[in-house]
Amino acid sequence: MALQYYLILSALLFTIGVIGVLIRRNAIIIFMCIELMLNAANLAFVAIGRELGDASGQIFVFFVMTVAAAEVAIGLAIIVSVFRHRETINIDEINTMKG
Amino acid sequence: MAEQILFIIFGILAVGSAICVIAFKNPIHSALALVLTFFSLAGLFISLGAYFVAAVQVIVYAGAIMVLFLFVIMLLNLGRLQAARQINKAKVFAVIVGLILAAEAIYIGIKVYDGTAVAPSQRGGEAVGGAITSEQLNQIVAIESTYQLDRAQINNTYVPKIAEQKNTVETLTAGEADQLIKKLQGEMGKPDRIGTILFTKFLLPFEVTSLILLAALIGVIVLVKREDPNTAT
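In the order they appear, the protein sequences are chains A and B.
For the first sequence, position 46 (counting from the first letter as 1) is numbered 46 according to this note's numbering, and the numbering increases by one without interruption.
Start counting at 1 in the second sequence, then tack on 1000, and there's your number in this note's numbering.
Treat each hint with caution, since some may be false.
[Unchecked claim] Partial list, computed: chain A residues near chain B (C-beta under 8 Å):
1) L9
2) R24
3) L43
4) A55
5) V61
6) F62
7) F63
8) A70
9) S81
10) I94
[Unchecked claim] With a Cα cut of at most 25 Å, we get these calculated SDA-like pairs of lysine to any residue:
11) B/K1025 - A/V80
12) B/K1182 - A/V80
13) B/K1025 - A/L3
14) B/K1161 - A/G53
15) B/K1190 - A/V80
16) B/K1190 - A/Q4
17) B/K1182 - B/S1210
18) B/K1225 - A/F83
19) B/K1182 - A/I48
20) B/K1111 - A/R25
21) B/K1183 - B/V1067
If you are wondering where the hints come from, they were derived from the structure by calculation, not from laboratory data.
All values reported here derive from a predicted model rather than from experimental measurement.
Every residue gets a Cβ at the ideal spot worked out from N, C-alpha and C, and that includes glycine.
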């Protein structure tokens, strides 16, 4: 299976994630779309790594997953504390940085 | 052939469920669609030979991260907050930007990659009949040192599988050596190989990762801690 097909699939998934971030108003869904983009990048890493016969791509995916886990934990904590203050997670209503 | 079939099944599943993630109104439905996306990506990783990454994908993403998402959605009881207008006014604009981005990314995927980045073992079979070349021997030695494999182990387990009645790397023909290199590279996704290079070549990044997790841990506790007026210092 040629590398190009994996890269195209990765590009499609990444684009779906970008569109999701742009059109959705719910902060949690926006977070899910960011995860989607990270996963699209992971797919490209693994596919290119196999093409080069190098396992470094898979190690990178491992690190991306760690960073994603940390990022989700922090992000959701921020969402929870914003929700406590504002009673909403619609990003149209949380458009100032004032507390 | 099997890889093509798996790619088509999991590729369609991944794209379809990814579209569901951004199309569903209820955040819980989106989260469940995202679980399906993660599982189909795990399937693609398996068909790429990245077994360890596939397992971690299921455990960490589909397990831990999605539980966290669903937990927060249910904790905040977001179902009752479903706004009438979930989709932005700038929707059309966003879709146009997204399509342009997709076109660019696919263009790069198809055109810019010209096939030069192929591992030497996959570049067609010149000199298939002759004895093993020094280039191939060097490649095998490089693989051995990267994954800390033993020459005796390769001689005993891998060589007889490729060429019966041969049990040393040096006696292989060039074509058989190609097969051996391909086989060794194809197994790089196995957990023991990943573990070997993770704790040798990538030891420092691995340790730095633990600092990231520690920072995240402390950050989360600080962020969601409620100020209790009675115990405030």
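Are the Cα positions of B/K1161 and A/G53 separated by 25 Å at most? This hinted pair holds, its Cα atoms lying about 21 Å apart.
With the threshold set at 25 Å, check whether the alpha-carbon distance from B/K1225 to A/F83 stays at or below it. holds, 14 Å
How about A/I94: closest beta carbon in chain B under 8 Å, or not? violated, 13 Å
Hint consistency between B/K1025 and A/L3 [alpha-carbon to alpha-carbon, up to 25 Å]: violated, 35 Å
Run the distance test for B/K1111 versus A/R25: straight-line Cα separation, threshold 25 Å. Distance ~35 Å between B/K1111 and A/R25 Cα, so the pair is violated.
Measure nothing beyond the straight line between the CA atoms of B/K1182 and A/I48; if it is 25 Å or shorter, mark the hint as holding. Within the cut-off at roughly 15 Å; holds.
Per the CB criterion, is A/L43 less than 8 Å away from chain B? Hint on A/L43: holds, closest Cβ of chain B at ~6 Å, below 8 Å.
Is B/K1190 within 25 Å of A/V80, Cα to Cα? violated, 39 Å
Holds or violated: the hint that A/R24 contacts chain B, with Cβ atoms closer than 8 Å. Interface hint status for A/R24: holds (6 Å vs cutoff 8 Å).
Does B/S1210 lie within 25 Å of B/K1182 when you go C-alpha to C-alpha? violated, 34 Å
Do the numbers back the hint for A/F63, that is, is its least Cβ distance to chain B under 8 Å? holds, 6 Å
Satisfaction of the A/L9 interface hint, Cβ to chain B closer than 8 Å: holds, 5 Å
The structure fails to meet hints 10, 12, 13, 15, 17, 20 and 21 from the earlier list, while all remaining hints are met.
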